[in-house]
Amino acid sequence: MPLLSGNGSLKYLVEVSGLTVKAGNHTALSGVDFAISAGEIVTIIGPNGSGKTSLLRVIIGALKPVSGKVQRLENLSIGYVPQKLHIDPTLPLTAARFLGLPKRRPKAELAAALAQAGVSGIENRPLQGLSGGQFQRVLLARALLEKPDLLILDEPTTGLDQPGSAAFYQQIAAVRRDLGCAILMVSHELHVVMSASDRVICLNGHVCCHGTPEVVASAPEYRELFGSGTLGTLALYRHDHDHGHDDCDHTHAG
Amino acid sequence: MITTTGMMIVTIPMLDDFVIRAMIAGIGVALAAAPLGCFVVWRRMAYFGDATAHAAILGVALSLAFGVSVFIGALGVALAMGLLVTSLNGRGFGMDSMLGVLSHAALAVGLVAASFLQDVRIDLMAYLFGDILSVGRVDLAVIWGGAALVIILVGWRWSALLMATLNEDLAYAGGINPKREQLVLTLSLAVVVAVAIKIVGVLLIAALLIIPATAARPLVRSPEMMVIGAAIVGVISAVVGVQASLVFDTPTGPSIVCVATVLFVLGNVVGSWKLG
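Heads up: the sequence lines are chains A and B, in that order.
Using the numbering used here, you'd call the opening residue of the first sequence number 1 and step up by one each time.
Using the numbering used here, you'd call the opening residue of the second sequence number 1001 and step up by one each time.
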């Protein structure tokens, strides 16, 4: 394990407390506490504009919070797969050159990462000529090159069809088996979330509810956000849900 | 003409010929514009380049008014404009309309400011369209010094600049601050603008950045090759443009841009033929 940072020891890879983030004049997140441990799979769900991407951007250091504390393990290696990456057609870039940014790496290392992400042999293809699924896997391969302790994926299957998306999640599961890294992802695909995550965080400007998939799926906050239509596959998990959420001072739409 | 600088600088007979000096100056600017021009194209900063270049005319007027070097004045105002645009970016203005406002306002204010200079006779045409045939030895030193600075700066930050260009969040995740890289580009752009005024003038500087890079694009497969291709197109344009302007008695700066445009068309025709 890498050295610990901050005052005293940090139990988690990343620990966020009392986080408030603004996007322009709009408060994207307020009072968010969050932590992820080594090897854990945590999924963030929430409607559009609920601050999911903002939370990820704070964790990777792209967004400065207005208030709150963000602590990372020292030397924590983060692999990041952005939601969408538009590469301007004027920028000539092969998959191999892209993987070699910002630092060049040996060919064998690139080939291994591509194989691990499930797209062998596309090193010399221009990025603009790849299909959506191939491109997402190249992004995954790039994140894997960092030998991440924490792999962060922001809606990684946006734009993929159902089989493509299912195959991509299987790939991520395989990656985690091989590397044992923690995974933090944003996903809209609730069936995937519910089957693959250790913990789910339901976000809507603040943490609405969190816990194991079963707990979240039966939380009234979750039902109000996502309706009960998506719960068909989750009926098995339903259980009594009797704790309160008095700390949430908001009203849910719907 | 007897110059004092001629005695201080080692006399190289070749540089006595104004045509040779013009070509060497053009080559220097082309080499500096190549890497920067690629970033301008990749990042869709064409109008940003225009605004920075147009602001330089105000710098020219100010430096003539206060008796400082035109290079310093143009560099300072171009840099100020670059920083202003960067800081306004993402504050709710439409980027293209804001650049349109700043770019033309800078040009207009510069022209008005120049008209106040009654003591100094200012040849506006020379600053608007360049005066490459009057390049002296000191100009050559300034141009090549500026070009070297830009090439070293962009070469040093190359990978980080590419990352910041690809995606800001990916850059942050990799420990690169894209804001700092943007600053490197803004500074380099101001330097290129300041050294290129003499060559093509403020109105055509953006052409020297964008056309060679765009001409090279269809023929290359890597960012590095695109820079080299842009440099080759730029150098050919400078050499052929200067010659052509002598043969046909045409203005030199615009002639250089015309040659670059012909190469752009050729590059695209060859590129589509290669792919087709």
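These aren't lab readings, by the way, just hints derived from the structure by calculation.
Careful: at least some of the hints might be erroneous.
Taking lysine to aspartate or glutamate pairs in the EDC-like style, the calculated list, with each CA pair at most 20 Å apart, reads [what the hints assert, rightly or not]:
1) A/K103 with A/E146
2) A/K103 with B/E1181
3) A/K147 with A/E74
4) A/K147 with A/E109
5) A/K69 with A/E15
6) A/K103 with A/E123
7) B/K1179 with B/E1168
8) A/K22 with A/E40
9) A/K22 with B/E1181
10) A/K11 with A/E40
11) A/K11 with A/E109
12) A/K103 with B/D1017
13) A/K64 with A/E15
14) A/K22 with B/E1168
15) A/K147 with A/E40
16) A/K103 with B/D1096
17) A/K84 with A/D198
18) A/K69 with A/D33
19) A/K84 with B/E1168
20) A/K107 with A/E74
21) A/K11 with A/E189
22) A/K107 with B/E1224
23) A/K64 with B/E1224
24) A/K107 with A/E123
Label-pair ranges, simulated between beta-carbon atoms [to be verified]:
25) A/A23 with B/S1159: 28 to 36 Å
26) A/G159 with B/G1145: 42 to 50 Å
27) A/S77 with B/V1262: 36 to 44 Å
28) B/G1175 with A/K107: 55 to 63 Å
For glycine and all other residues, C-beta sits at the position ideal for the given N, C-alpha and C.
Against the structure, the hints:
{"no.": "1", "hint": "A/K103 with A/E146", "verdict": "11 Å, holds"}
{"no.": "2", "hint": "A/K103 with B/E1181", "verdict": "16 Å, holds"}
{"no.": "3", "hint": "A/K147 with A/E74", "verdict": "15 Å, holds"}
{"no.": "4", "hint": "A/K147 with A/E109", "verdict": "11 Å, holds"}
{"no.": "5", "hint": "A/K69 with A/E15", "verdict": "8 Å, holds"}
{"no.": "6", "hint": "A/K103 with A/E123", "verdict": "16 Å, holds"}
{"no.": "7", "hint": "B/K1179 with B/E1168", "verdict": "9 Å, holds"}
{"no.": "8", "hint": "A/K22 with A/E40", "verdict": "28 Å, violated"}
{"no.": "9", "hint": "A/K22 with B/E1181", "verdict": "24 Å, violated"}
{"no.": "10", "hint": "A/K11 with A/E40", "verdict": "13 Å, holds"}
{"no.": "11", "hint": "A/K11 with A/E109", "verdict": "31 Å, violated"}
{"no.": "12", "hint": "A/K103 with B/D1017", "verdict": "45 Å, violated"}
{"no.": "13", "hint": "A/K64 with A/E15", "verdict": "15 Å, holds"}
{"no.": "14", "hint": "A/K22 with B/E1168", "verdict": "18 Å, holds"}
{"no.": "15", "hint": "A/K147 with A/E40", "verdict": "16 Å, holds"}
{"no.": "16", "hint": "A/K103 with B/D1096", "verdict": "34 Å, violated"}
{"no.": "17", "hint": "A/K84 with A/D198", "verdict": "25 Å, violated"}
{"no.": "18", "hint": "A/K69 with A/D33", "verdict": "9 Å, holds"}
{"no.": "19", "hint": "A/K84 with B/E1168", "verdict": "12 Å, holds"}
{"no.": "20", "hint": "A/K107 with A/E74", "verdict": "29 Å, violated"}
{"no.": "21", "hint": "A/K11 with A/E189", "verdict": "30 Å, violated"}
{"no.": "22", "hint": "A/K107 with B/E1224", "verdict": "18 Å, holds"}
{"no.": "23", "hint": "A/K64 with B/E1224", "verdict": "33 Å, violated"}
{"no.": "24", "hint": "A/K107 with A/E123", "verdict": "9 Å, holds"}
{"no.": "25", "hint": "A/A23 with B/S1159: 28 to 36 Å", "verdict": "29 Å, holds"}
{"no.": "26", "hint": "A/G159 with B/G1145: 42 to 50 Å", "verdict": "48 Å, holds"}
{"no.": "27", "hint": "A/S77 with B/V1262: 36 to 44 Å", "verdict": "50 Å, violated"}
{"no.": "28", "hint": "B/G1175 with A/K107: 55 to 63 Å", "verdict": "24 Å, violated"}
In summary, the numbered hints that this structure violates are 8, 9, 11, 12, 16, 17, 20, 21, 23, 27, 28.
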